[in-house]
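Asks: Protein sequences, first through last, are from chains A, B, C and D.
Heads up: the first sequence is residues 0 to 153, going by numbering that gives the first Met the number 0.
Heads up: the second sequence is residues 0 to 153, going by numbering that gives the first Met the number 0.
Heads up: the third sequence is residues 0 to 495, going by numbering that gives the first Met the number 0.
Heads up: the fourth sequence is residues 0 to 495, going by numbering that gives the first Met the number 0.
Quick caveat, the hints were computed from the structure, so don't treat them as lab data.
Any given hint could turn out to be false.
[What the hints assert, rightly or not] Away from chain A, derived, C-beta distances all over 10 Å, residues of chain C:
#1 Arg5
#2 His44
#3 Ala46
#4 Asp47
#5 Ala48
#6 Gly75
#7 Ala127
#8 Leu146
#9 Ala178
#10 Met358
#11 Asp406
#12 Thr431
#13 Glu469
[As the list claims (entries may be wrong)] Label pairs and their in silico Cβ distance ranges:
#14 D/Gly163 <-> A/Arg131: 29 to 37 Å
#15 C/Pro448 <-> D/Asp321: 57 to 65 Å
#16 B/Gln138 <-> C/Pro55: 30 to 38 Å
As the structure is a prediction and not an experimental result, all values here were calculated from the model.
Even for Gly, the Cβ is constructed at its ideal location relative to N, Cα and C.
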Amino acid sequence: MSDLEARIDGESVTPAKGWRFEIIDPARGIGRLINGAASMPVLVEGKASDWVVTIRGRRIPVTVRSWREQVLAGAETATTARAGPAAVRATLPGLILTVAVSAGDPVDEGATLLTIEAMKMQNDVRAPRSGRVIEVSVQAGETVTTGTPLVRLE
Amino acid sequence: MSDLEARIDGESVTPAKGWRFEIIDPARGIGRLINGAASMPVLVEGKASDWVVTIRGRRIPVTVRSWREQVLAGAETATTARAGPAAVRATLPGLILTVAVSAGDPVDEGATLLTIEAMKMQNDVRAPRSGRVIEVSVQAGETVTTGTPLVRLE
Amino acid sequence: MPPFSRLLIANRGEIAIRVIRTCRELGISPISVHSDADVDALHVHMADASERIGPPAPRESYLAIDAVIAAAVRRGAEAIHPGYGFLSENPEFARAVEAAGLVFIGPPPTTLESLGNKLAARRLAQAAGVPIVPGTTVALADDPRELAVIGFPLMLKASAGGGGRGMRRVDSPDEVADALVAARREALSAFGDGTVYAERLLAPVRHIEVQLLGDRHGRLAVLGERDCSIQRRHQKLVEESPSPAIDPGIREALFDSARRVAGVVDFHSAATVEFLLDTANNHYFLEMNTRLQVEHGVTELVTGVDLVAWQIRVAAGQPLPDAVMHASSRGHAIEVRLYAEDPYNDFRPSAGRITAWQMPAGPGVRVDAGVAADTDLQPEYDPLLAKLMVHADDRSAAVDRLRRALDETVIGGVQTDAGFLRWLVDDASFMTGSYDTGLIDDRWGIDHPLPDEHGALAAIAAIAVRTATESSPIRPPDSKRAGSAWAEVARRRALR
Amino acid sequence: MPPFSRLLIANRGEIAIRVIRTCRELGISPISVHSDADVDALHVHMADASERIGPPAPRESYLAIDAVIAAAVRRGAEAIHPGYGFLSENPEFARAVEAAGLVFIGPPPTTLESLGNKLAARRLAQAAGVPIVPGTTVALADDPRELAVIGFPLMLKASAGGGGRGMRRVDSPDEVADALVAARREALSAFGDGTVYAERLLAPVRHIEVQLLGDRHGRLAVLGERDCSIQRRHQKLVEESPSPAIDPGIREALFDSARRVAGVVDFHSAATVEFLLDTANNHYFLEMNTRLQVEHGVTELVTGVDLVAWQIRVAAGQPLPDAVMHASSRGHAIEVRLYAEDPYNDFRPSAGRITAWQMPAGPGVRVDAGVAADTDLQPEYDPLLAKLMVHADDRSAAVDRLRRALDETVIGGVQTDAGFLRWLVDDASFMTGSYDTGLIDDRWGIDHPLPDEHGALAAIAAIAVRTATESSPIRPPDSKRAGSAWAEVARRRALR
């Protein structure tokens with residue numbers, strides 16, 4: 000077990016002292032964290048190195064890797080970081096209402112790129128960083144699903 | 000479908016007219032019987048020819064057989080009916096409290112053979128028909144599970 | 000400030016969970032106990048910690064005083080809640096709890112003692128001027144001549160009894176000898192005490208009980224009555240409040256009798272005084288149960304008073320506030336007990352694994368369950384699976400709500416009494432509230448026949464499902480779900 | 000005699016199920032409708048029959064008047080319950096229902112019309128002598144000079160609006176032009192009407208609303224208030240009754256204003272008058288919703304009145320009895336809405352499949368859910384999953400019960416607002432009841448950071464489960480359960 004490292008948001012996390020985890024309902028992934036008098040129900044979903052732990056209603060993605068997996072992953076991350084253009088993707092499914100930019104436009108970080116209507120709400124999609132628009136992959140009136148590439152920034 | 004015959008307690012049953020069955024939750028075997036305005040939730044468990052349908056809280060064992068299976072089953076039943084001694088088995092798990100008969104005793108239908116304590120209750124096990132006791136397989140103080148042979152009648 | 004910081008629940012199943020929930024609401028850390036049969040039980044998983052107290056047999060675990068107290072001490076619990084059944088009315092246990100320096104959530108040991116002996120309780124009630132069921136007030140001899148005076152039919156009852164055990168109906172003088180032997184044997188085996196007494200069998204009667212709640216400062220709240228007349232084997236199946244059978248005058252008479260009985264003992268915590276009510280509206284003291292009743296939730300629904308929370312608070316010395324003292328009843332509540340029992344076979348316990356478990360929800364529905372899907376029923380223990388309670392404006396709306404809730408209920412794998420309960424809500428004597436304790440014998444019977452139309456409907460469902468699953472490949476035999484042939488249907492639907 | 004023999008519910012999700020349950024209790028056969036996205040939805044399975052009314056887009060299904068009425072006629076329904084949202088406040092729909100010879104469960108079409116236009120409703124309330132939020136009572140021009148008089152900050156609102164859509168906050172004069180364009184565009188797209196008006200933005204302020212229930216014979220019951228001050232995007236997340244902010248004098252003033260507004264229209268059925276209450280305890284009319292409110296269950300818990308049952312009964316002409324007219328409030332009730340929304344990302348909707356779904360139960364807990372395990376969330380519709388309600392003696396006990404209930408709640412597969420709600424029950428301003436509509440902005444924020452201790456606990460859990468499942472063979476990829484690696488643990492445990 001000491002071989003395994005947990006990471007949240009890329010940061011290594013030291014497991015809490017004094018607590019232990021008990022499996023309750025393996026069919027549904029429910030367990031309980033116990034520390035003497037106190038206890039807390041928790042849901043654990045996932046497999047291999049990718050887990051999502053729900054504590055007090057919050058889904059916390061946790062990467063659990065052995066040293067060997069960490070070395071392999073480190074190499075991969077380095078490659079990704081060097082990659083050039085950034086794709087802005089839909090984070091929720093919905094209808095494209097307006098598109099505010101065209102290929103070639105320079106945009107500032109936080110500028111509105113387009114608007115998606117989902118679940119009765121209009122949501123602005125903003126530029127994650129400053130740069131030039133290389134490509135706009137959607138148009139107003141189009142329906143998109145989660146993960147659909149919307150705009151590519153240089 | 001017209002090839003399939005349903006039997007309850009060995010009796011052939013004609014499916015109700017005007018009703019149809021709709022699957023609701025296949026993962027748990029839940030459906031609904033529908034007849035125009037009326038409907039009724041039902042649970043269906045089992046496989047092949049052996050089903051248990053729960054309607055209004057009552058578990059109803061239903062045998063569903065094609066004509067071919069009926070012919071085979073008919074031959075088998077005939078054999079069973081001819082078989083000689085009857086084994087009286089425990090219908091629930093529990094502790095044998097008293098044994099009222101010994102091998103060789105003649106018993107009348109309905110006579111108490113032994114007493115089982117289960118779930119806080121004393122339950123009398125009675126002779127299903129008149130006959131002579133061939134063998135008593137358990138003794139007082141013994142714990143039995145469902146299906147354990149208790150007494151054999153001639 | 001929570002009344003206690005840690006509390007051990009010396010019970011299992013739904014009542015252990017009931018107490019765990021209140022502990023959490025009061026900020027108390029709940030500790031459970033378990034026998035080897037209950038390692039994976041729901042109540043164990045819901046507590047902050049659980050202590051093993053012995054093998055499956057109740058005598059070696061949930062009834063093992065030393066093991067339970069050792070568990071409480073080991074975990075640093077300050078109080079023990081005994082639930083109902085098991086050790087809840089055992090004065091020896093209550094004394095041992097106090098000797099260990101812990102708080103027993105219940106009346107004082109002396110009170111458990113004087114009321115736990117049903118014969119002593121009869122004498123006590125009589126002395127308090129409360130009418131008792133006609134019968135003997137001393138132990139029966141082996142050849143009891145006094146029975147002739149009482150008259151037949153009569154009931155033989157175990158003095159140390161409860162829960163319908165050690166009871167025998169006697170219809171004529173020549174049945175007395177056999178019945179006495181049987182009652183003594185059952186009483187001795189169940190309670191270690193073969194003392195038996197006799198009561199005239201009153202019929203038709205209703206079983207009506209009064210809920211009491213007292214603090215350690217002499218205040219006693221009377222929290223209404225419950226009608227528990229629907230019984231099999233002298234054990235309750237259905238309870239409701241208010242009783243549809245009584246008017247304010249009778250109610251006040253019952254309350255007065257309940258107060259009198261409680262007044263002659265040193266009382267605090269929750270208790271219930273049980274009465275029989277005959278068709279002339281005379282009531283007779285039956286017994287006083289010095290613990291939380293299975294059906295306490297019915298009272299909670301109509302009065303809004305959390306009985307478990309107040310049991311714990313008064314045990315810690317808190318006085319009952321005026322809001323509890325003067326709590327009034329609102330609307331109508333009914334509880335039905337979901338038992339793993341076969342109503343088509345004389346309500347005998349059924350064994351097995353719960354394959355499907357879907358409880359009703361929505362307005363006016365409360366479910367206190369002790370099991371879930373995939374629970375294996377433990378034959379050592381009481382077959383109560385869950386209590387389904389409804390609350391509505393009036394009795395008629397409550398019955399309609401109960402019918403709706405039962406129709407939403409799905410339990411697979413074992414026969415339960417739900418089949419009886421679903422029949423009951425359409426029964427004329429239940430709908431009008433005019434039933435008595437003979438309802439099951441008189442109107443249901445032992446082997447209620449299968450209505451032809453239900454057979455014809457079952458045939459449709461079984462043929463339809465076999466047809467739908469016909470093309471299914473053979474599933475691995477280790478598949479846990481009972482309706483395993485359905486899996487293929489589910490898979491196909493998921494892909495669509 | 001049931002009020003109707005067959006009733007169609009022109010809605011989906013939890014509210015359709017809520018109405019289905021009451022239909023069953025009243026002996027009415029419930030008929031549901033569904034879009035192509037909802038073929039397998041829970042509300043469809045619980046009805047006696049369901050009619051397809053179109054493709055997933057609401058405009059082509061749940062908002063398609065002709066399709067809904069055709070479905071009702073086809074099935075022989077005598078009445079239509081519109082639920083909330085969708086067609087519930089649409090006078091054109093109500094007229095079409097009546098034109099088809101069916102009964103619309105709601106106020107008369109003329110009343111929907113006069114109150115549906117928020118500007119007209121403001122004028123109407125003002126004429127009735129009820130204070131309104133300071134602002135315009137006529138439509139804003141494209142270059143509105145009058146805004147300077149109202150003062151900043153102010154809110155632009157859509158006259159045809161509701162549910163927070165078409166609303167824009169304006170903090171200074173130079174933001175007016177852009178905000179007006181945006182508000183008009185959103186209003187036009189959502190309601191087909193770009194009319195906009197302005198109200199001063201009052202803060203700090205509480206949102207308190209009064210529940211009305213009227214019959215067709217002129218009787219009007221005022222069933223208490225609800226405090227709905229905890230909102231995100233001007234949509235409610237938490238509601239409670241009674242309001243912890245008001246005393247009997249203020250309560251009576253609110254009731255009086257509510258009665259006045261209802262008095263100037265032709266009213267029957269259920270409706271809610273919404274007010275803002277400032278720190279000086281002045282109240283201002285906001286709007287009157289002429290339909291069942293999402294949070295109606297809170298009122299049902301404290302008053303014991305079944306609002307849906309009475310909506311149906313008064314629609315059939317039954318008068319309100321005295322018991323409803325004089326229903327009093329008992330105890331304290333709180334509702335929290337479980338939404339598929341990410342409170343760590345500005346409460347944006349989350350999409351996906353619900354992998355685990357375990358709702359709380361036991362004393363004082365009511366759950367009205369629209370989904371279950373294995374439900375795929377439909378992005379076309381409102382992300383409300385369930386309403387979790389608690390009822391207890393007093394507010395403090397209700398908050399403790401809510402915390403306990405949230406700790407029993409398990410939802411897997413999608414992030415919900417349960418993370419916010421669990422934080423809320425420990426927040427000082429919620430515990431004391433002193434919060435206002437700014438609570439989420441002021442105390443929660445947009446990206447609530449992960450407490451270090453929760454990260455450290457998540458690490459333990461993830462490492463423990465990975466370790467426990469390490470030896471597991473690879474599972475087939477079609478396994479539906481998200482926690483599929485757990486399957487091996489389950490299998491090993493079952494064999495033991």
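Asks: In terms of Cβ atoms, is chain A entirely out of 10 Å range of C/Thr431?
Replies: Consistent with the label, C/Thr431 stays out of reach of chain A, its closest Cβ about 44 Å off (over 10 Å).
Asks: Is the nearest CB of chain A more than 10 Å from the CB of C/Ala127?
Replies: C/Ala127 is indeed farther than 10 Å from all Cβ atoms of chain A, at 44 Å.
Asks: Please check whether the beta-carbon of C/Arg5 is more than 10 Å away from every beta-carbon in chain A.
Replies: With a cut-off of 10 Å, C/Arg5 comes too close to chain A, as the shortest Cβ separation is near 6 Å.
Asks: Over 10 Å from every CB of chain A: does C/Ala46 meet that, or does the non-interface label fail?
Replies: Given a closest Cβ separation of 8 Å, the condition is violated.
Asks: Against the range 30 to 38 Å, how does the distance between the Cβ atoms of B/Gln138 and C/Pro55 compare: consistent or not?
Replies: Roughly 21 Å apart at Cβ, these two residues miss the hinted range, so it is violated.
Asks: Take the C-beta atom of C/Pro448 and the C-beta atom of D/Asp321, compute their distance, and say whether it sits inside 57 to 65 Å.
Replies: 46 Å, violated
Asks: Decide, holds or violated, for the assertion that all CB atoms of chain A are farther than 10 Å from the CB of C/Asp47.
Replies: At about 4 Å from chain A, C/Asp47 fails to clear the 10 Å cut-off, so the statement is violated.
Asks: Please verify that the nearest CB of chain A lies beyond 10 Å from C/Ala48's CB.
Replies: 7 Å, violated
Asks: Beyond 10 Å on every Cβ pair: is that true for C/Gly75 relative to chain A?
Replies: About 8 Å separates C/Gly75 from the closest Cβ of chain A, which leaves it inside 10 Å; violated.
Asks: Beyond 10 Å on every Cβ pair: is that true for C/Ala178 relative to chain A?
Replies: 48 Å, holds
Asks: Going by Cβ atoms, does C/Met358 stay more than 10 Å from chain A at every point?
Replies: Given that every Cβ of chain A is farther than 10 Å from that of C/Met358, nearest at about 16 Å, it holds.
Asks: Given a hint of 29 to 37 Å, does the C-beta separation of D/Gly163 and A/Arg131 actually sit inside it?
Replies: The hinted range 29 to 37 Å holds for D/Gly163 and A/Arg131, with Cβ atoms some 36 Å apart.
Checked against the numbered hints given earlier, the structure breaks hints 1, 2, 3, 4, 5, 6, 15 and 16 and satisfies all the rest.
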